[in-house]
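Residue numbers (the working numbering), protein chains in the order written: chain C, 1 to 224; chain W, 1 to 224; chain B, 1 to 224; chain D, 1 to 224.
Check each hint, because a few of them may be wrong.
The list treats identical chains as interchangeable, and a pair is accepted whether it falls inside one copy or across any two copies.
In the DSS-like style, the derived pairs of lysine-lysine whose C-alpha atoms are separated by at most 30 Å in a straight line are [as the list claims (entries may be wrong)]:
(1) Lys-124 with Lys-205
(2) Lys-124 with Lys-182
(3) Lys-205 with Lys-7
(4) Lys-124 with Lys-7
(5) Lys-182 with Lys-205
Derived from the structure by calculation, the hints contain no laboratory data.
Residue-level listing of the chains:
Number of protein chains: 4
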Amino acid sequence: MGRMSGKRVLITQTSAFMGADLVETFRAEGAELILDDRDLSVPGAATALIEGAGRVDVLLANLAAEQPRTTVLETDDDVFRSMFEALVFPLHALVLGVLPQMIERRAGKIVVMGSASALKGMPKYSAYGSARGAQLSYVQDVGVEVAPHNVQVNAIAQTFVENPTYFPPSYQATEEFAERIKGAPIGRLAHGWESAALALFLAGKESDFFVGQVVPFAGGWVTR
Amino acid sequence: MGRMSGKRVLITQTSAFMGADLVETFRAEGAELILDDRDLSVPGAATALIEGAGRVDVLLANLAAEQPRTTVLETDDDVFRSMFEALVFPLHALVLGVLPQMIERRAGKIVVMGSASALKGMPKYSAYGSARGAQLSYVQDVGVEVAPHNVQVNAIAQTFVENPTYFPPSYQATEEFAERIKGAPIGRLAHGWESAALALFLAGKESDFFVGQVVPFAGGWVTR
Amino acid sequence: MGRMSGKRVLITQTSAFMGADLVETFRAEGAELILDDRDLSVPGAATALIEGAGRVDVLLANLAAEQPRTTVLETDDDVFRSMFEALVFPLHALVLGVLPQMIERRAGKIVVMGSASALKGMPKYSAYGSARGAQLSYVQDVGVEVAPHNVQVNAIAQTFVENPTYFPPSYQATEEFAERIKGAPIGRLAHGWESAALALFLAGKESDFFVGQVVPFAGGWVTR
Amino acid sequence: MGRMSGKRVLITQTSAFMGADLVETFRAEGAELILDDRDLSVPGAATALIEGAGRVDVLLANLAAEQPRTTVLETDDDVFRSMFEALVFPLHALVLGVLPQMIERRAGKIVVMGSASALKGMPKYSAYGSARGAQLSYVQDVGVEVAPHNVQVNAIAQTFVENPTYFPPSYQATEEFAERIKGAPIGRLAHGWESAALALFLAGKESDFFVGQVVPFAGGWVTR
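Start from the sequences, fold in the hints, and give me the full structure.
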């Protein structure tokens, strides 16, 4: 009997970002998993996913897009918009799809796997950071709005977490990474399961008092 | 001889939000004003504006869109995207247009007239608040990136400021407003010129050390 | 076999603030409890407590003092200092006492039961809020400093949590409370066990990546 | 006719921290200066200062103490308390002394020259950072409380600003400094007059809408 037993948990974009670790952690805790890996930047994809998902007790909104790492001047309109198409618009579609059943049951959890990069300025992050910032403000507003319905919406604002999308082994081998990790007082990357453990906490009954909250998860890089 | 004398200052969307107050304050300080009121959500509009603007020493990115005040469930995809079309994508286009000349001169100021609503969860703000949040994270990233070029990009995150778009007299007369203003310890709206005075500070040489910063302006509603 | 089995957990000021709930939650998870209820504002008391405590795997720094609820002008020097004598100086003494053994073992957790009142301005909070603010900055600095020793120091910044010190039934019956709770989007107090569940998360191995962090716990009253 | 003409401005601890730059900037703007350099950690000193100061329109609470730069374990009780004796208790005494006349006149400004170190964890800052954190929470609470009296209390949370106490030329010559300044995206120290210019803004009528606010001033090291 795990902490998620009896819970139907939807995990999106399973092959990217925190997907694999979320699957492993929530499966180990007895969740009934609804796994999906379609491209949610396609119009209608997020809505279709929810329509086919049946009951969803927990939505783990795991959305990722390759950080373009362009300077502002290199970030043309297409690159800029693509971040919002991948990270922001599907998030709203997922939330819009899943909220009615949660509100009706007066029970439900949404955890957005977001980024700490939205909390602190960084060079070459204008497009990605801006879209991640939109996610966090969105979570604050939706979380506060639906709190009276006993539905909890929160976000993890993470960085320095091992995952195939943003911190693959190839990136960990670069000098840029060696320089950048100095900014994390803890001096190491988080294992993927550690971020999944925070998601598990935010998906469980014990965190019902968290609503519309952004929880930094960054090894001391940001601390509030 | 005003504090802006010799400076060419571009103010966008002059008929909305802080437009009128910015015009008045910067004119009084001797700026050479470049005023524009076109709809910047039209594709290409922001780019065209900059191309025709000549030298721009200060860009006051005054972008506004009516807050839809819809619940999350009432916020369909069109409403949601329209906030980004009005507030976020034109901001990047304006910045992208104006930065090259500023970087080349190693001098320039961009002040984004943003919203404190991005800093704190509020019901019925999911679309608007999310787009305003994107603006703030964008400013942080761009501001930090271009700081070494001696160009300063900052944002005002305001609320409870008199302006025709968000706090018109008709809204000030509602019970909703009477309840809401209780949340501002100062107990009054800011006059428009007070927000413009902060923009003036951020547009002047005395604030060169501010880069990528979000300055709340909210009468104590948020204080950091 | 609970999540704290084999762990020696020190809880201070057990009769106040979150003491009772921490005892119950950590006992249920199999911790070996070291319980203390002495007045830690007495010089030397905190140091003596640690000297007699033996091995401490987890320190739950539960420090409380009655909020004087005085206006600034009513807050004389004695009242003001008394908050620091109760909340800040003993915290440093406890940390100073317990860190050497934790650093030597390269293992240890300190969770400070702090207050969200330090995060947002409130009338009649100058003394109490200031001392609570000192706690949070202290945690940030110590947490970042000792992170490389594999010791984790974090804080909960809570409010609107049922407890005998700050939200006793008598206070819950007041009009002041009825007005104040409107500021919490969730619309209810947290049960004491919910705050203890967060402390449990921060005391466990799954949160090793949290260092020097301030976690608001406030039902949406603050969200980052 | 300067921006401070007709204003009586009290500057404390003039030989330390931002004292010299505040004197120069406010004198140039026509203020009538009340300058004091006594040791305000002496009991009663702050109270005596205010009693002898006559009318004070603007209080620039410039309080400094040498950062001990001790590790947590090296920070004994005396070192720890000395930071609060120098930075926190005199601040309250100054505010307590000066507020009654400001409240009576329904006019007055208090600007606290604080530190950004309270906003972000740093090694070897536990005592200093904690006291600076107390200052900032204090300003939030007092600022919000006295806002209805038309008195404005705000703080500058600065770092990387040239001054004889924290960034003297001798420190600027160290390798530690060379490493540390990399954390400031702007890549330079602020001149002292730049911080004084922010204090001037916060001391003037144009910033009356700022109450209980903490304004980071850190060249991008923190941005909100």
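Results of checking the hints against the structure:
Taking CA atoms no more than 30 Å apart as the test, Lys-124 paired with Lys-205 passes between copies only; the shortest distance there is 26 Å, against 39 Å inside one copy. Taking identical chains as interchangeable, the C-alpha atoms of Lys-124 and Lys-182 lie at most 30 Å apart whether they share a chain (18 Å) or sit on different chains (17 Å). Taking the closest pair of Cα atoms, Lys-205 and Lys-7 come within 30 Å of each other both inside a single copy (11 Å) and across two copies (24 Å). Proximity of Lys-124 and Lys-7 under a CA criterion of 30 Å is satisfied inter-copy only: 29 Å between copies versus 40 Å inside one chain copy.
Taking identical chains as interchangeable, the C-alpha atoms of Lys-182 and Lys-205 lie at most 30 Å apart only when they sit on different chains, with a minimum of 23 Å there against 36 Å within one chain.
Consistency with the previously given hints is maintained throughout, with no hint failing.
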